[in-house]
Amino acid sequence: MTPDTEHGHEPTARPDTPRRAEAEPAGHALRSLCVFCGASAGVRPTHVQLAARLGQTCARRGIRVVYGAGGVGVMGALSDAVLAAGGRITGVIPQALMDREYGRRDLTELRIVGSMHERKALMHSLSDAFLALPGGYGTLEELFEITAWAQLRLHHKRIVLLDDGGFFDPLTSMLDHARDEGFLSDTDRQLVRHAKSVDDALRLAALPPGPPSEPPAIGPGQT
Numbered sequence: 001m002t003p004d005t006e007h008g009h010e011p012t013a014r015p016d017t018p019r020r021a022e023a024e025p026a027g028h029a030l031r032s033l034c035v036f037c038g039a040s041a042g043v044r045p046t047h048v049q050l051a052a053r054l055g056q057t058c059a060r061r062g063i064r065v066v067y068g069a070g071g072v073g074v075m076g077a078l079s080d081a082v083l084a085a086g087g088r089i090t091g092v093i094p095q096a097l098m099d100r101e102y103g104r105r106d107l108t109e110l111r112i113v114g115s116m117h118e119r120k121a122l123m124h125s126l127s128d129a130f131l132a133l134p135g136g137y138g139t140l141e142e143l144f145e146i147t148a149w150a151q152l153r154l155h156h157k158r159i160v161l162l163d164d165g166g167f168f169d170p171l172t173s174m175l176d177h178a179r180d181e182g183f184l185s186d187t188d189r190q191l192v193r194h195a196k197s198v199d200d201a202l203r204l205a206a207l208p209p210g211p212p213s214e215p216p217a218i219g220p221g222q223t
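Just so it is clear: in the sequence shown, position 163 is 163 by UniProt numbering, and no numbers are missing.
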């Protein structure tokens, strides 16, 4: 497959806001899932095992995976599993990283962009929801930028953390602390959900967007 070059654009602002956690309707069809995850495997084998289960399940359910095009670590386990199960996976990577051989070329589709920002914007436009697996700075940066876009009501797609060994527990505690200290509203705290199984994560990712009933809940210091 010959990779093509595509430049993404920052999403257009919408007045929509995700629905509160206590009012969860039946899910809608999840066709494309963006997965943020690490290029390292971590010290516990459970991280790559979880990524493989997610990839297998997405392939079996006909959900296209959109990710950062890496072939090692958690990213490698995810992409290997999708491809082995006959699923569809799109990799999005800046040209600079592709030049350093950080991307794999045997994906269903490879999209090469000009910058890290264009990478995230294109991943956003290709996806119905977002899921973060364990990872480091890059994973967390992608997670929080897409969450900040949701806080600003630039999109209303679901955002889910997935681990099965407590990896994200300190992060969710920090988000709760930020809410308790007045830096996040109750509504905005619910933008990021936490799942402990692949099935539960995909259920949360498939929840439909909330109604356009609330403006951005951002006050002084809440960005």
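Calculated from the structure, these hints are not laboratory results.
Being a predicted model, the structure only gives us computed values, none of them experimental.
Treat the hints with care, since some could be wrong.
To be verified - Label pairs and their computed distance ranges (CB to CB):
id, residue 1, residue 2, range
1, Asp99, Phe144, 36 to 42 Å
2, Gly62, Asp186, 31 to 37 Å
3, Asp106, Arg60, 16 to 22 Å
Here a beta-carbon is modelled for each residue, glycine too, at the ideal position from N, C-alpha and C.
Against the structure, the hints:
no.: 1; hint: Asp99 <-> Phe144: 36 to 42 Å; result: 27 Å, violated
no.: 2; hint: Gly62 <-> Asp186: 31 to 37 Å; result: 35 Å, holds
no.: 3; hint: Asp106 <-> Arg60: 16 to 22 Å; result: 20 Å, holds
The structure shown violates just one earlier hint, number 1.
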